[in-house]
Amino acid sequence: MSVMPDEVIRFLAPKAGGCYLDGTLGGGGHSALIAQHCLPGGTIIGFDRDQEALAAACRRLAGYGDGVRLVHGDFAGLAEQLAQLGIGALDGFIFDLGVSSHQLDSGARGFSFQQDAALDMRMDTSCGETAADLVNSLPEAELERIIKEYGEERWAKRIAAFIVKARAEKPIEGTLQLVDIIKGAIPKAKWEERIHPATRTFQALRIAVNHELDSLEQGLKAALDHLKPGGRGVVISFHSLEDRIVKHVFRDYASGCTCPRHLPVCVCSNQPRVRILTGKPVMATEEETEQNPRARSAKLRAVERL
Numbered sequence: 019m020s021v022m023p024d025e026v027i028r029f030l031a032p033k034a035g036g037c038y039l040d041g042t043l044g045g046g047g048h049s050a051l052i053a054q055h056c057l058p059g060g061t062i063i064g065f066d067r068d069q070e071a072l073a074a075a076c077r078r079l080a081g082y083g084d085g086v087r088l089v090h091g092d093f094a095g096l097a098e099q100l101a102q103l104g105i106g107a108l109d110g111f112i113f114d115l116g117v118s119s120h121q122l123d124s125g126a127r128g129f130s131f132q133q134d135a136a137l138d139m140r141m142d143t144s145c146g147e148t149a150a151d152l153v154n155s156l157p158e159a160e161l162e163r164i165i166k167e168y169g170e171e172r173w174a175k176r177i178a179a180f181i182v183k184a185r186a187e188k189p190i191e192g193t194l195q196l197v198d199i200i201k202g203a204i205p206k207a208k209w210e211e212r213i214h215p216a217t218r219t220f221q222a223l224r225i226a227v228n229h230e231l232d233s234l235e236q237g238l239k240a241a242l243d244h245l246k247p248g249g250r251g252v253v254i255s256f257h258s259l260e261d262r263i264v265k266h267v268f269r270d271y272a273s274g275c276t277c278p279r280h281l282p283v284c285v286c287s288n289q290p291r292v293r294i295l296t297g298k299p300v301m302a303t304e305e306e307t308e309q310n311p312r313a314r315s316a317k318l319r320a321v322e323r324l
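In the numbering used here, the protein residues as written are 19 to 324.
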């Protein structure tokens, strides 16, 4: 189920014949909505690292024919991929960040701490290290950094220490095996009522495995650089680290002058490149969060190219 569909269309404002990028295709929900406004005559380019997601989106969008072009890849390489496709400029883009419902529901992928599976967490299963590779090989200090920085987990030091102690006895290979280690590291009296003890550690490992934050900054800047004047960009994030990157990149593109404040006149000649459409992030409605709990933490930000 696509998050904030009405808000996405309202801020993206897709038009007939336009060229739009769905940088996080998933099951193709947002692309299907955009297609109703820009096709026939327009183009939708859908990116995803997950081959299963691409296959699902291909089935969902099959009726739109050549108007939809799907790309297997990380949106960090967006500029190169668009050049290969012969796409010079975009009328708009949407990034719906984080793990998809499909990935969470597919227990074998290792994203969920609710189901027993191999500790994988790769969005692109054709390459890269798995979460099991990280927890079994990284130094304790690096594990602590990842869990603290990417998971914002206050118990990161104890969790890292417990992981290192456990892996000395036998490799950590399964999701529920890791969950038990995390539960042992966090005193039960300190477990939070609304958040599973493993939530933040699993988030941190997923971000590290997929290099999500670096990819986001690179892909977002490339998408903004490809926007036509009047084109719009919409990003939906699900945790503070993502939202912080989106906010700062949008602010940088909207700010123009980068000269130090003590200079009496501007010498950089930089001009604002976008107008921010959302002073504060837009949240999902209460009605939507009741139907789709995943939308509770969603934050939408949007800009328009000047």
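Please keep in mind that the hints were generated in silico from the structure rather than gathered at the bench.
Each residue gets a CB set at the ideal place from its N, CA and C atoms; glycine is no exception.
Treat the hints loosely; a few may be bogus.
[To be verified] Quick list of simulated restraints, FRET-style, between CB atoms:
id : residue 1 : residue 2 : range
1  : K208      : E187      : 39 to 47 Å
2  : P290      : Q133      : 44 to 52 Å
3  : Q54       : A272      : 24 to 32 Å
4  : A136      : H90       : 48 to 56 Å
Now for the hints, and whether the structure bears them out:
Distance hint check for K208 and E187: the Cβ-Cβ separation is about 25 Å, which falls outside the suggested range of 39 to 47 Å. In this structure the supplied range 44 to 52 Å holds for P290 paired with Q133, their Cβ-Cβ distance being about 47 Å. Between Q54 and A272 the beta carbons are some 30 Å apart, a value that agrees with the proposed interval 24 to 32 Å. Taking the beta carbon of each, A136 and H90 are about 22 Å apart, not inside 48 to 56 Å as hinted.
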